[in-house]
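S.K.: In order, the protein sequences belong to chains A and B.
Note that this note's numbering numbers the first sequence so that position 174 is 178, with each residue one more than the last.
Note that this note's numbering numbers the second sequence so that position 361 is 365, with each residue one more than the last.
Bear in mind the hints are in silico, worked out from the structure with no lab data behind them.
What you were told as hints is all true, and nothing was included just to trick you.
Because identical chains share one entry, a pair is satisfied inside a single copy or across any pair of copies.
Heads up, simulated DSS-like pairs for lysine-lysine below, C-alpha to C-alpha not over 27 Å straight-line:
1. K343 x K157
2. K32 x K45
3. K32 x K156
4. K172 x K274
5. K323 x K32
6. K241 x K274
7. K42 x K156
8. K377 x K358
9. K274 x K156
10. K323 x K45
11. K30 x K45
12. K30 x K157
13. K241 x K172
14. K156 x K30
15. K343 x K32
16. K323 x K156
17. K157 x K323
18. K343 x K30
19. K358 x K415
20. K157 x K32
21. K96 x K42
22. K274 x K358
Residues per chain, in single letters:
Number of protein chains: 2
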Amino acid sequence: MSSLNVGVLGFGTVGSGVVRILDEHKSKISQITGYDIKVTKVLVRDLTKTRRYEDVDVAVTDNANDVIGDPSISIIVEVMGTIDIAYDYVLKSLRAGKHVVTANKDLIALHGDHLITVARENNCDLFYEASVAGGIPILRTIVNGLASDHLKKVMGIVNGTTNFMLTKMTSEGLSYETALKQAQELGFAESDPTNDVDGIDAARKMVILTRLSFGMNVSLDDVSTTGIRQLTVDEIKLADQLGYTIKLLGIAEEHNGAVDVCVTPTLLPKTHPLSGVHNENNAVFVLGEAAGETMYYGPGAGELPTASSVVSDIITVAKNTKLGTNGNAFSSYVHETNKLADKDCLAKYFVRLKMTDETGTFLKMTQRFTEQKIGFSRILQLPESNEQATVVIITHETSRENLHLALETLKNESGIVVNSHYRVED
Amino acid sequence: MSSLNVGVLGFGTVGSGVVRILDEHKSKISQITGYDIKVTKVLVRDLTKTRRYEDVDVAVTDNANDVIGDPSISIIVEVMGTIDIAYDYVLKSLRAGKHVVTANKDLIALHGDHLITVARENNCDLFYEASVAGGIPILRTIVNGLASDHLKKVMGIVNGTTNFMLTKMTSEGLSYETALKQAQELGFAESDPTNDVDGIDAARKMVILTRLSFGMNVSLDDVSTTGIRQLTVDEIKLADQLGYTIKLLGIAEEHNGAVDVCVTPTLLPKTHPLSGVHNENNAVFVLGEAAGETMYYGPGAGELPTASSVVSDIITVAKNTKLGTNGNAFSSYVHETNKLADKDCLAKYFVRLKMTDETGTFLKMTQRFTEQKIGFSRILQLPESNEQATVVIITHETSRENLHLALETLKNESGIVVNSHYRVED
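Work out the full structure, taking the sequences as your base and the hints as a guide.
M.R.: In C-alpha cells form, the structure reads like this:
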C-alpha cells in the first residue's frame, strides 16, 4: 500500500490528537482510503518540551520550512491557532503544492476567500471542517448532505464557552462573573475572555457557515455582534417566566437573495431543539426550503473531537488523491454577496426597560414603539423599589431598523432607561 | 451546459418532490454540479391519474422498460416502495449501466449487499440516503463526516410514527389505541400499522445504519426487535417518576469487534438529547471513540425532506460523473460480521412485575435476580387492589443472557407475573 505523509504545524492538543487518531484508527483509514497515512514531521515551538503522544515515531522540528519544504509530505495540517503566521505558512504550503487541512476559524473567516483561490490555482485541496463546531461534521453536511436544498436560515450555538456559562447561569443561578470564573478554571475560557463573551469567536464561525450555506462572502464587519457580557441572571429568569431559554446564537438568514448575519443573545421556546443544548456543547440548526428543520449536535471543541474532524478532512484529501480529483473547492456554490438592509431584517425582540412608576411614562413608552409600528405580544411589569419598575416586552415581528429607531427615541425620554434588547425566535 | 437526464420509478409524494426540487433549485444545482439535471421520464401505475407537480414537462409511462431502457437517461430514481418489483427494476437499471438512487429502506435492508456488488461490477453509483431518517443526511455524515472515527454505538429514533405515538402518550396521556388512531388519521400510520408499531421498519433502518457505521452486514433476523404494542401509559408514567422518557430506539453497538443490533422501547434520562425529540421527528445519536457524542435531528419522512435527500444523492452522482469517479461504493468500510453473544451484550433494564402481596414473594423475586448476579439500582413498589402490587426495578448493568434467564425463572414462580422489560440508557 502506498503511503501518504502528513506534516503537522503546531503540536498542542489538536495536533497530538491527529497523530493519535491516525495511529489508532490506522486499519479503518487505510481500508477506506487505500493509503497508509501517517504524520511524519511536526513543527513545534519548543524542541525541549515533552510531547503528549509519545508512542508514535514522529520527527520534530522548530523550523517550518523543514515541514513545508519536505517533498515526501503531501498534506499539511495547520493547527497553530494564530492568524498571521498561519496565513503565511498555509499560503507557502499551497504554493508548494501541498493540500492543507486547518482547524483555524480565524484564518478561514479572515482570509478564506483568498486561500480558496490560491488552493484552486495550485490544484490543492483546502479543508477546514474542524474550524466550526469542533467534532460536528457540519460543514461537509451543508456542502454535501444538504446540497440539493435552498437553505433559508442557519442558527448555531457555535461557542462552547458562552454556552457553558449560560447553562450555569440558567440552571444554577450563577452570576456572569462566577460562571466565567468556573469556565476559566475548567479551561473552557481564556484569561482574557473577550473573543468568547463578546461574540467575536461566534461571529467568525458564522462568516464560515454563511459562505458554505448561502455561497456569500460576508466579512466580520458585516456581522452585527452582541455578546453576553451585559446579560444578567435576572434577564434569564424573566425569560424563563415567559417560557424561554436564553442562548447566544449566531443567526444567518437569506431573504430574496440577500443575507443577514448576526450574533446575539436569543430567547428560544423551551421546546426548541437548541434549548436543550447544554454545557460546552455546540449545535447548528438549519432550515431548508425542502429538508425543513434539521439540527446537528455535538462537542464544539476538545482534543479528540476536533482532531477527529481534521482527520476526516485528511481522509477526503486521500480519497481525492486516489481518484485524481484534488483541487476542487470544498464548496462550489458561489452567489453574489448581498447584505439584507436593516429595514428588511425582521424578527421579534425582547426589550427590558426600567421606568419611573409615574402616570404617563407607560404611555410615552407605548407611543415610541407605536410610532415605529411595533406591536407587543407580551408585557411583564415587575414593581421594584425606589418607585422604579422593570418592564419586559416581547414585540411582534418588526424590522431591525424600526427597533433601533424606537430604542433611540426611548433613550431621550426622561424616566425611561433601556436596559437591554435581545432577539426572540419561535 | 451538458444535460443529465433522470428517470423516476414511482410518482407518489417523493417522486413528485424530486421533480419539484430539481426544477425549483435548478440554478444552485447546475452551479455545483456543472450539469443541467432534469427528470425526463416517470413510471406511473395509472396513466389516467392526475399528477401532483404539473408545471414541469415530464413524459409519463406505465412501462418500466421505457424508462430503464431509455439511452438518454443516466440516473434512475427508485421511489416505488415495494420490494420484489423494485429489486428487479434496480437490478435491470444497474445492469443497463444506470446509476441508481433509491429511498427504499426495505430493498436496501434486504438486498443491499447484492445490489452494492452489482453496482460496482457495472461501474455504477448506488446511493440510498433517503432510506434512513428521511431528511437527515445521516448516512453521508457517517460515511464521510465521521470517517476518521471508530464508532462505538449508534442509537436512533428512526421511526416517526411510533415517536409521534409515544409523544402523544407521554405529553397528553393518550392510550396506545387513541395515539395510533390519531397517527392513522394524520396519515403517519398505515391502516395495518404492524411494520411501525412492532419495530420492523426501525429494524430495517438499523440494518442499513449498522452496515455503514460498523462495516458489518447483519440480517433482519439478527436484530432483536420489540415494538411498542404492549407499552402502556402506566409504564410511561412509572418511567417519568423515575426521571426517564420512553422512546423506541434502534441501538447498534460494537464491542471487541462484534456487533449487537436491537430495536426496543428504551428509558432515557430526560436530559438526554434523544429525549427532546418529539412528534414524528427522527434523530440519530452517534458515539465515536474520538468525536464523542454527536446527534443528527430532523424530519424522518415527508415529501420534500425525503425528496431533498434523494436529490442530494443525484447531485453526488452528477459530481462523480463530472470527475469520472462513478462506481465507488457509498462506503468502502467492510469488516467481518461478528455478532455479539447475548452474554456479552450489557445493558441496564427496566423490569415491571406484578406480585401478590404475600410474605416471601419479594424474597423469591430478589433471589431469582441475585442468582443471575443482577443487582438493583432503583426499586419502586406501588400497592394495588386485590392484594397485588406493581414492582418496578431498574437493574445495574447485566448481560441480555442473564436478564432472560432471570425472567424465565421468575415466570415459573407462583405469585409473580413479569409484565414487561425495556432497556435503560444513561
